[in-house]
Amino acid sequence: MNASVSPKALEQAAEWLVRLQDGASSADRAACEAWRNSDPQHALAWERAERLLDKFGALPPQLAMPVLNRSPAATRRAAVTRIVALMLMAPAGWASWRYAQSQPWAGDIHTAVGEHRTVTLADGTTVTLNTASAIDVRFSATERLIVLRNGEILMRSGYAADVRPLRVATGEGTMQPLGTVFNVRRHDCSTGLAVLEGAVRVTPADAPGDARVIDAGSQTRFNQRHVAPVRDADPAMTAWTTGMLLADQMRLDELATELSRYRNGLVRVDPAVAGLRVSGAFPVADSERTLDMLVSTYPVDAVQRLRGYWITLIPRD
Amino acid sequence: MTAAATHPHFTALYSDHHSWLHRWLSAKLGNASDAADLAQDTFTRILGRADLAGLHEPRAFLTTVAKGVLVNWYQRQALERAYLEALAALPEPVAMSPEERLLILETLHEIDAMLDILPPKVKQAFLMAQLDGMAYADIAAQLGMSLITIKRYMKQAFLQCLIMMENPQ
Numbered sequence: 001m002n003a004s005v006s007p008k009a010l011e012q013a014a015e016w017l018v019r020l021q022d023g024a025s026s027a028d029r030a031a032c033e034a035w036r037n038s039d040p041q042h043a044l045a046w047e048r049a050e051r052l053l054d055k056f057g058a059l060p061p062q063l064a065m066p067v068l069n070r071s072p073a074a075t076r077r078a079a080v081t082r083i084v085a086l087m088l089m090a091p092a093g094w095a096s097w098r099y100a101q102s103q104p105w106a107g108d109i110h111t112a113v114g115e116h117r118t119v120t121l122a123d124g125t126t127v128t129l130n131t132a133s134a135i136d137v138r139f140s141a142t143e144r145l146i147v148l149r150n151g152e153i154l155m156r157s158g159y160a161a162d163v164r165p166l167r168v169a170t171g172e173g174t175m176q177p178l179g180t181v182f183n184v185r186r187h188d189c190s191t192g193l194a195v196l197e198g199a200v201r202v203t204p205a206d207a208p209g210d211a212r213v214i215d216a217g218s219q220t221r222f223n224q225r226h227v228a229p230v231r232d233a234d235p236a237m238t239a240w241t242t243g244m245l246l247a248d249q250m251r252l253d254e255l256a257t258e259l260s261r262y263r264n265g266l267v268r269v270d271p272a273v274a275g276l277r278v279s280g281a282f283p284v285a286d287s288e289r290t291l292d293m294l295v296s297t298y299p300v301d302a303v304q305r306l307r308g309y310w311i312t313l314i315p316r317d
Numbered sequence: 001m002t003a004a005a006t007h008p009h010f011t012a013l014y015s016d017h018h019s020w021l022h023r024w025l026s027a028k029l030g031n032a033s034d035a036a037d038l039a040q041d042t043f044t045r046i047l048g049r050a051d052l053a054g055l056h057e058p059r060a061f062l063t064t065v066a067k068g069v070l071v072n073w074y075q076r077q078a079l080e081r082a083y084l085e086a087l088a089a090l091p092e093p094v095a096m097s098p099e100e101r102l103l104i105l106e107t108l109h110e111i112d113a114m115l116d117i118l119p120p121k122v123k124q125a126f127l128m129a130q131l132d133g134m135a136y137a138d139i140a141a142q143l144g145m146s147l148i149t150i151k152r153y154m155k156q157a158f159l160q161c162l163i164m165m166e167n168p169q
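Top line first, the protein sequences correspond to chains A and B. Residues in the first sequence are numbered from 1 upward in steps of one, following my numbering. Residues in the second sequence are numbered from 1 upward in steps of one, following my numbering.
Check before you lean on any hint, since a few could be wrong.
[As the list claims (entries may be wrong)] Each computed DSS-like pair below joins lysine-lysine, with the alpha-carbon atoms no more than 25 Å apart: (1) Lys121(B) to Lys55(A); (2) Lys8(A) to Lys55(A); (3) Lys28(B) to Lys67(B); (4) Lys155(B) to Lys8(A).
[As the list claims (entries may be wrong)] Stretch by stretch, here's where chain A covers chain B in the computed footprint (C-beta under 8 Å, at least three residues): (5) 101-109; (6) 141-155.
Simulated from the structure, these hints should not be mistaken for lab results. Because the structure is a prediction, the values reported are computed rather than measured. All C-beta atoms in this analysis are idealised placements derived from N, C-alpha and C, irrespective of residue type, glycine included.
I would like the entire structure built from these sequences, with the hints used as guidance.
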């Protein structure tokens with residue numbers, strides 16, 4: 001344990017971090033790698049550097065900045081004022097921050113960032129999990145309950161003559177399929193539901209009297225108190241099961257938000273291009289290719305910092 | 001291998017001084033249960049020390065250690081309060097599980113401790129780069145400093161963090 005790392009190696013690692021962070025070329029990266037490989041002490045020091053970057057990468061800036069940058073003698077009032085000032089300064093791209101991505105602890109069955117996977121449950125129901133998703137499966141003598149803790153799933157309910165009701169629950173409510181195929185996605189404080197076949201009964205957690213039946217070809221969103229008006233289902237909604245995102249005149253900042261779901265790290269969009277409309281079939285699970293496609297088709301450049309941890313889409317000069 | 005077997009002086013110190021230390025901390029905090037935790041922390045902090053036998057002024061010594069524990073505790077409270085305020089000030093509620101909230105809080109504590117001894121300017125510049133992802137040149141412009149100075153600050157802060165990083169288990 002506690003292998004000590006020489007101060008010299010740590011100092012050099014700090015220098016490399018500065019060099020890589022401030023606009024590194026591929027030659028810089030290669031030189032850094034050579035340095036790392038040239039001495040076990042260097043490798044140890046760099047391993048610390050990577051863990052440090054991971055720690056910063058896991059912190060949502062809106063939360064971390066006011067907390068870490070508080071002045072030591074800050075009064076409560078001063079702290080609040082500063083937080084408000086920081087919120088006003090926050091660039092639009094911050095909206096694309098997502099945290100849940102790299103946290104695999106939740107759920108009996110889960111997928112890593114960028115992964116998607118199909119599982120067949122004991123009753124023949126199949127569940128396809130999208131990137132960074134987690135479900136709990138709770139089958140008992142009286143019900144078949146699936147809890148969607150994070151992310152997005154596509155469900156095909158089993159046709160086996162199982163009399164126990166099948167239900168899918170999120171923090172916002174429950175969905176009871178009536179022999180169907182449907183897609184469920186958790187948003188920050190709502191659940192999105194699209195029904196492809198059959199029908200699904202939605203019951204908001206705090207308003208059981210407002211249950212609604214959503215028919216095939218329809219989609220809606222609901223929170224704990226109510227179900228939004230039903231719209232026609234977006235046919236592109238389940239493209240994720242093939243690893244694609246179909247964008248039809250989608251805002252660039254929305255695309256960045258989608259892209260963020262499939263990769264570790266941050267994708268930010270300069271406000272100058274946030275409203276740019278983009279179309280295409282993007283292989284979102286392959287963020288490098290998606291970025292190449294964006295850069296070659298639209299007047300934007302992708303600036304990568306720290307081995308791709310941070311990507312910022314900016315207008316091309 | 002118990003602490004008592006290894007450190008008889010520690011046991012004596014604990015039984016002679018625990019109750020007044022607990023009272024002293026309760027008076028400072030106005031709350032007996034936090035005081036019990038902090039009294040425990042105070043003794044834990046001196047547990048491994050070999051020089052307990054020679055203490056001439058055990059009360060003064062314990063008070064000094066307990067003050068350090070208190071300062072840390074206040075810092076932790078201040079950080080947690082700032083965190084709760086930051087959560088409340090988010091433009092729209094973010095769905096986070098209790099685990100996520102706690103893990104972020106723990107990471108914040110860890111980084112806060114790493115950055116604690118840095119001069120405020122260095123810390124500010126460093127956070128602008130690491131949290132906001134700002135380019136060094138933009139930070140230099142915004143803080144009215146040279147790019148060379150900003151790079152020096154970054155190296156200082158990175159090095160400070162790397163020194164304080166714990167090794168994996």
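Worksheet entry | Hint check against the structure, violated hint numbers in rising order | none
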